[in-house]
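Those protein sequence lines, which keep their order, are chains A and B. If you're matching positions, the first sequence starts at 5 in the numbering used here and goes up one per residue. If you're matching positions, the second sequence starts at 25 in the numbering used here and goes up one per residue.
Hint data in this document are derived by calculation from the structure and do not stem from the laboratory. We put the beta carbon where it would ideally sit given N, CA and C, even for glycine. No incorrect hints appear here.
To give an idea of the interface, some chain B residues facing chain A are shown, with a C-beta separation under 7 Å as derived from the structure:
| id | residue |
| --- | --- |
| 1 | N37 |
| 2 | R47 |
| 3 | N84 |
| 4 | S90 |
| 5 | N121 |
| 6 | I122 |
| 7 | L179 |
Partner residues are not named here, just some residues of chain A that face chain B (Cβ under 10 Å, in silico):
| id | residue |
| --- | --- |
| 8 | A79 |
| 9 | H129 |
| 10 | K228 |
| 11 | C367 |
| 12 | R387 |
| 13 | G391 |
| 14 | G394 |
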Amino acid sequence: MGMTMSQKILAAHAGLDVVSAGQLINARLDIVLGNDITTPVAVNEFRKAGFDKVFDKERIAIVLDHFVPNKDIKAAEQSKTCREFACDHCISHFYDVGKMGIEHALLPEQGVVTAGDCIIGADSHTCTYGALGAFSTGVGSTDMAAGMATGMAWFKVPSAIRFKLTGKLPYNCSGKDVILSIIGMIGVDGALYKSMEFTGEGVHGLSIDDRLCICNMAIEAGAKNGIFSVDEKTTEYMKNRCERKPVIYEADEDAEYEKTYEIDLSKIRPTVSCPHLPENTRNADELNNIKIDQVVIGSCTNGRMEDMEATYKILKGKKIADNVRCIIIPATMQIYRECVERGYVTAFIDSGAVVSTPTCGPCLGGYMGILAAGERCIATTNRNFVGRMGHVDSEVYLASPFTAAASAIAGYITEYREA
Amino acid sequence: MNTQGKAFKYMDNVDTDVIIPARYLNTSDAAELALHCMEDIDGEFVNNVKKGDIIVAGWNFGCGSSREHAPLVIKTCGIGCVIAKSFARIFYRNAINIGLPILECEQAAEEISAGDEVSVNFDTGEIRNITTGKNYMAQPFPPFIQNIIKCGGLLASLKEAEDE
Numbered sequence: 005m006g007m008t009m010s011q012k013i014l015a016a017h018a019g020l021d022v023v024s025a026g027q028l029i030n031a032r033l034d035i036v037l038g039n040d041i042t043t044p045v046a047v048n049e050f051r052k053a054g055f056d057k058v059f060d061k062e063r064i065a066i067v068l069d070h071f072v073p074n075k076d077i078k079a080a081e082q083s084k085t086c087r088e089f090a091c092d093h094c095i096s097h098f099y100d101v102g103k104m105g106i107e108h109a110l111l112p113e114q115g116v117v118t119a120g121d122c123i124i125g126a127d128s129h130t131c132t133y134g135a136l137g138a139f140s141t142g143v144g145s146t147d148m149a150a151g152m153a154t155g156m157a158w159f160k161v162p163s164a165i166r167f168k169l170t171g172k173l174p175y176n177c178s179g180k181d182v183i184l185s186i187i188g189m190i191g192v193d194g195a196l197y198k199s200m201e202f203t204g205e206g207v208h209g210l211s212i213d214d215r216l217c218i219c220n221m222a223i224e225a226g227a228k229n230g231i232f233s234v235d236e237k238t239t240e241y242m243k244n245r246c247e248r249k250p251v252i253y254e255a256d257e258d259a260e261y262e263k264t265y266e267i268d269l270s271k272i273r274p275t276v277s278c279p280h281l282p283e284n285t286r287n288a289d290e291l292n293n294i295k296i297d298q299v300v301i302g303s304c305t306n307g308r309m310e311d312m313e314a315t316y317k318i319l320k321g322k323k324i325a326d327n328v329r330c331i332i333i334p335a336t337m338q339i340y341r342e343c344v345e346r347g348y349v350t351a352f353i354d355s356g357a358v359v360s361t362p363t364c365g366p367c368l369g370g371y372m373g374i375l376a377a378g379e380r381c382i383a384t385t386n387r388n389f390v391g392r393m394g395h396v397d398s399e400v401y402l403a404s405p406f407t408a409a410a411s412a413i414a415g416y417i418t419e420y421r422e423a
Numbered sequence: 025m026n027t028q029g030k031a032f033k034y035m036d037n038v039d040t041d042v043i044i045p046a047r048y049l050n051t052s053d054a055a056e057l058a059l060h061c062m063e064d065i066d067g068e069f070v071n072n073v074k075k076g077d078i079i080v081a082g083w084n085f086g087c088g089s090s091r092e093h094a095p096l097v098i099k100t101c102g103i104g105c106v107i108a109k110s111f112a113r114i115f116y117r118n119a120i121n122i123g124l125p126i127l128e129c130e131q132a133a134e135e136i137s138a139g140d141e142v143s144v145n146f147d148t149g150e151i152r153n154i155t156t157g158k159n160y161m162a163q164p165f166p167p168f169i170q171n172i173i174k175c176g177g178l179l180a181s182l183k184e185a186e187d188e
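Full structure from sequences and hints, please.
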């Protein structure tokens with residue numbers, strides 16, 4: 005029996021020739037990640053258990069991104085705990101204010117993660133790095149603590165669902181519309197415990213930013229990981245960027261998949277997830293006159309350069325609708341700087357939007373755009389659960405940057421159409 | 025090991041944002057966080073929950089964020105066990121790692137009503153609905169996971185392995 009991409013990476017990291025779905029293994033980790041919310045809990049567990057050193061200071065990444073620049077005293081204390089731990093253990097990939105970015109945009113950009121890696125992160129969207137052909141999955145703080153101490157983690161080898169992509173996306177769609185459509189089709193537990201493996205000739209037409217966005221939301225279908233086959237675009241992206249040599253794994257011809265979906269990308273339409281689950285998807289043009297109070301463009305899902313380009317294309321020379329607040333958050337300092345240099349920030353401000361330094365803030369209802377009762381937001385973020393962005397009686401609609409920016413100008417949810 | 029108490033019943037896809045809203049995650053103090061457990065779907069939960077009580081829910085319990093604060097606040101509130109039709113994978117892992125007992129049992133999750141008195145035997149996986157007199161058997165954990173639970177969590181099990 006052949007192995008899937010994910011299974012091959014896991015086998016290699018467990019020192020085994022072959023693994024099969026359901027098998028419990030102990031695997032070596034290339035990167036262990038945490039953020040300012042999950043790391044303090046991990047640090048506490050690490051100390052409580054009596055560990056005094058990390059397995060490899062080069063293989064741990066700690067990114068302060070959720071509540072920084074710190075939103076309040078308690079958040080500042082949590083950042084301080086992370087900072088002190090990073091300093092005590094000489095953690096080389098520690099990213100504080102000024103250097104930081106939203107972790108899942110930052111680590112690929114900085115070349116910390118690469119193809120063939122086995123990665124755990126104490127953040128559910130750690131599945132993002134599968135876009136580069138890595139096995140990468142979200143865990144909790146105790147797993148992070150154990151990973152930091154031993155460089156190992158236990159896994160149940162996942163079975164897989166294959167998505168064979170063909171065709172090319174329409175001009176007003178992005179990776180976000182692909183993944184929202186898939187979640188709408190299979191449901192929020194449609195890939196529970198499984199890998200989502202994306203292959204097929206349609207992959208080549210998707211940018212790396214599209215692929216990062218698609219893998220980012222694999223968790224929203226319950227998946228253990230999302231992963232793309234590596235092609236020339238991936239190799240080009242990783243060249244002169246990744247610290248470690250990429251290792252490319254391909255699924256065996258006879259790899260077993262629980263199911264295969266054929267997805268024609270040319271049939272994807274601008275898609276919106278309605279409250280309060282990501283699976284409640286509708287085509288944007290089916291939603292009539294849903295007025296919005298706020299727009300958020302950013303997050304680990306859609307705060308990358310192409311997302312800013314799409315936003316600029318739509319907002320440039322236009323005005324945000326009256327009574328709509330538009331918050332734009334480039335995901336890393338490098339993207340932020342690029343937006344300044346290209347004149348995007350000026351265009352965004354002229355349109356009536358605000359532009360923040362990188363933070364997860366509004367996506368998880370932390371700060372920087374909290375909703376009041378009865379308010380409605382269209383966001384390029386990843387979750388629209390009850391109370392996710394503020395009051396329990398507020399609503400979040402998930403969409404691509406194209407749809408969110410077009411809606412910001414219209415004042416109600418609408419898809420982007422070229423004039 | 026056993027627990028017995030009153031059942032709190034919830035629907036499918038109970039997510040970590042309603043178990044513990046992120047707006048409170050500026051602290052990792054379990055007792056402080058526990059004051060807000062389930063508050064966005066059940067404002068009365070923290071006032072009514074007693075030690076040993078049981079949460080019963082549908083499919084995909086604990087979906088969403090990786091925050092370990094979610095199983096932690098449930099445990100800190102005194103909940104003795106969560107019974108669900110299925111668990112989201114990170115929640116499942118976190119619950120085991122921190123020592124919150126969880127059981128997958130579709131029929132029990134379907135049939136137990138809010139307020140029923142329920143007892144659970146973790147050694148056998150037997151769930152008894154004392155109110156209705158009906159018994160159920162949950163899926164047992166694989167031995168590897170049983171060992172983590174027996175040691176009192178993941179780090180304790182690693183330490184034990186290291187000392188051997």
